[in-house]
Amino acid sequence: MIENIDLSMVNWARAQFALTALYHWIFVPLTLGITWIIAFYHTIYVKTGSEEWKNLTRFWMKLFAINFAIGVATGIILEFEFGTNWSNYSWMVGDIFGAPLAIEGIFAFFLEATFFAVMFFGWNRVSKKFHLFSTWMVAVGSNLSGVWILVANAWMQHPVGQAFNPNTARFEMQNFSEVVFNPVAVSKFTHTTSASMLFAALFILSISSFYLLKGRHVKMAKQSILVAAVFGLLASGFVAFSGDEAAYEDAQNQPMKLAAFEGLYKGETNAGIVAFGMINPAKKVDDDKDAFIFSIKVPGILSILANRSPGSFVPGIEDLVYGNAERGIMGAQQKIEKGKIALTQLDAYKKAKKADNQVAATAALTLFNAHKDYLGYGFLEKPEDAVPPVAMSFNAFHIMVVLGSLFPLVFLAYLYFSYKGTLEKQRLLLGGGTILFFLGLIAHWAGWILAEVGRQPWAIQDLLPVTIARSNLTAGTVQTSFFMFLALFTVLLIAEISIMLKQISIGPEEN
Amino acid sequence: MQQTNPFQKIYRFYMDGFRRMTVGRSLWKIICIKLLIMFGVLKLFFFQDFLGTRFHTDEQRANYVLSELTRSVQADISTKGGKQE
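Line order of the protein sequences matches chains A and B.
49 is the number that the numbering used here gives to position 32 of the first sequence; each next residue is one higher, with no gaps.
108 is the number that the numbering used here gives to position 58 of the second sequence; each next residue is one higher, with no gaps.
Simulated from the structure, these hints should not be mistaken for lab results.
There may be inaccurate statements among the hints.
Said to hold, decoys possible - Output of the computed footprint for chain B on chain A, the stretches with three or more beta carbons under 8 Å from beta carbons of chain B:
hint: 1; region: 179 to 189
hint: 2; region: 270 to 277
hint: 3; region: 280 to 290
hint: 4; region: 457 to 464
Stated by the list, open to error - Below are the PhoX-like pairs computed for lysine-lysine, each with C-alpha atoms no more than 25 Å apart in a straight line:
hint: 5; chain 1: A; residue 1: 306; chain 2: A; residue 2: 283
hint: 6; chain 1: B; residue 1: 84; chain 2: A; residue 2: 519
hint: 7; chain 1: A; residue 1: 519; chain 2: B; residue 2: 79
hint: 8; chain 1: A; residue 1: 146; chain 2: B; residue 2: 84
hint: 9; chain 1: A; residue 1: 145; chain 2: B; residue 2: 59
Please read all numbers here as calculations on a predicted model, not as lab measurements.
We put the beta carbon where it would ideally sit given N, CA and C, even for glycine.
Construct all of the structure, not just a fragment, from the sequences and the given hints.
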């Protein structure tokens with residue numbers, strides 16, 4: 018099957034999707050996170066009546082508006098790409114994604130048309146309480162509108178509440194609440210939103226540190242830092258908690274992803290997590306090379322992460338590819354055989370229906386249903402095709418974890434020096450603080466790379482590989498639009514950065 | 051002058067808000083240009099719906115996707131001289 022597919026097209030389509038998604042994800046987490054911090058600033062203003070807090074709130078609102086305006090609709094391009102580059106996939110998931118994405122669109126429209134306007138235009142025009150309520154509603158609404166796209170993404174990682182219809186070639190929704198309350202969706206939503214809150218706190222720390230270094234807007238910067246650092250510290254706790262839950266869900270539903278992001282080739286009891294190490298990028302599942310160039314592991318932690326039990330067994334890549342009878346793990350080869358039966362019976366069903374042979378159709382459908390959970394494996398050539406890029410998954414996970422562990426220490430340092438009253442004298446901390454925003458962005462991107470690269474080769478876990486999800490287009494067609502996007506995104510990013518820098522340079526309105 | 055009509059009030063609220071915008075004017079320009087490029091150029095010329103433009107009915111689209119899914123089976127059958135497993 019693979020040899021019939023233009024892999025170059027698939028890879029260009031992947032690259033284009035990655036480019037668009039990563040670009041989109043510069044703006045989204047800031048929007049999701051900063052709205053909460055602005056709501057807190059606004060609340061303090063309403064409680065105290067202080068003009069300083071009002072100016073501070075308006076300043077951060079303005080930066081939020083710039084971010085929102087540049088980021089708005091960049092996600093629509095992802096939907097364009099679905100229809101053009103990933104048409105088989107789009108067709109097959111249309112019934113599942115239609116409802117959540119429609120809800121998101123309608124929700125976002127009403128939210129933006131009402132509360133956004135009141136938040137930005139409402140100063141001295143509506144009552145203070147209603148104005149504050151609108152600011153909080155923007156925070157709540159922005160985050161809730163993000164639920165639906167995360168539900169859709171989670172479904173691809175763990176496709177629950179669906180049944181494949183062999184007549185329409187579509188996955189059809191059987192249980193809406195199962196799709197919405199998919200445990201992967203819950204952990205994805207909590208992890209993404211808490212990480213976005215953390216990211217927004219880093220953004221505020223970066224700009225406020227810049228002001229303190231320059232000796233400008235010192236009081237505003239210190240007030241901003243105090244709230245953002247407390248908020249960021251609390252968010253860090255939620256990020257750790259929800260990240261642990263996400264890893265647990267990976268272990269239950271995508272064990273290959275878990276094994277890949279820890280570079281675990283051979284399954285272990287009391288499995289450890291790599292505290293320091295460099296993975297060997299040349300290592301393949303079917304060779305005898307060492308998995309690591311060097312590594313220091315903390316024993317038992319991966320077992321706790323995966324199974325909530327320190328002595329438990331965590332399957333490695335080899336167990337999942339070649340099977341482990343002792344542990345009751347089915348290998349990919351056996352799954353490929355089942356998948357091929359599902360595909361053969363799907364073809365037989367199609368032909369029997371065409372020939373109006375009801376008996377043959379029923380027999381084929383019965384066999385298909387018995388093997389449909391392995392449908393995607395039927396497209397794989399060999400068991401090793403079920404392995405994602407291990408080095409990239411490992412590096413993405415560890416970059417994310419290292420940065421995620423650094424951030425609470427940074428927040429604590431900012432809070433400590435704020436408490437001591439010597440924050441503006443900490444030139445080293447403040448200098449490093451100006452790049453926190455970029456570190457936060459890298460952590461977010463690493464998280465998404467882990468989530469998406471780690472689940473390869475699947476577009477829909479176990480059911481549809483990306484090589485089949487694509488459209489029958491040439492690589493050249495996708496290349497053209499890839500470079501157009503690159504140009505468009507670069508121009509938009511330059512526009513955002515220049516408008517943002519100009520506003521930062523102007524600072525808060527002193528009225 | 052006191053406005054009593056709630057629709058008038060809402061209209062004035064939005065109009066005054068838009069009039070008083072400073073940075074917002076540049077942002078709206080960027081949003082409009084961006085949407086024009088996205089829908090007027092990219093969607094129209096580069097991102098046509100693959101199945102939507104090639105087929106007229108959902109039945110045709112379903113048959114096409116089914117044939118894509120079972121292409122490997124067809125290839126196996128042809129290499130094995132028409133014998134299905």
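Results of checking the hints against the structure:
Against chain B, the region 179 to 189 of chain A contributes 5 residues with a C-beta closer than 8 Å to a partner C-beta. That satisfies the three-residue criterion, and the hint holds. Look at the region 270 to 277 of chain A against chain B: 0 of its residues bring a Cβ nearer than 8 Å to a Cβ of that chain, fewer than three, so the hint is violated. Given as covered by chain B, the region 280 to 290 of chain A fails the check, having 0 residues with a CB less than 8 Å from a CB of that chain where 3 are the minimum. Residues of the region 457 to 464 of chain A lying with their CB closer than 8 Å to a CB of chain B number 0, which falls below the three-residue condition for coverage.
Of the supplied pair hints, the one linking residue 306 (chain A) and residue 283 (chain A) holds, its CA atoms being roughly 12 Å apart against a limit of 25 Å. As the CA atoms of residue 84 (chain B) and residue 519 (chain A) are separated by approximately 21 Å, the hinted pair is consistent with the 25 Å bound. Pair hint residue 519 (chain A) plus residue 79 (chain B) holds up; C-alpha atoms about 17 Å apart against a cutoff of 25 Å. The hinted pair formed by residue 146 (chain A) and residue 84 (chain B) fails the criterion: a straight-line CA distance of about 35 Å is larger than 25 Å.
Between residue 145 (chain A) and residue 59 (chain B) the CA atoms are separated by roughly 17 Å; this keeps the pair inside 25 Å, and the hint holds.
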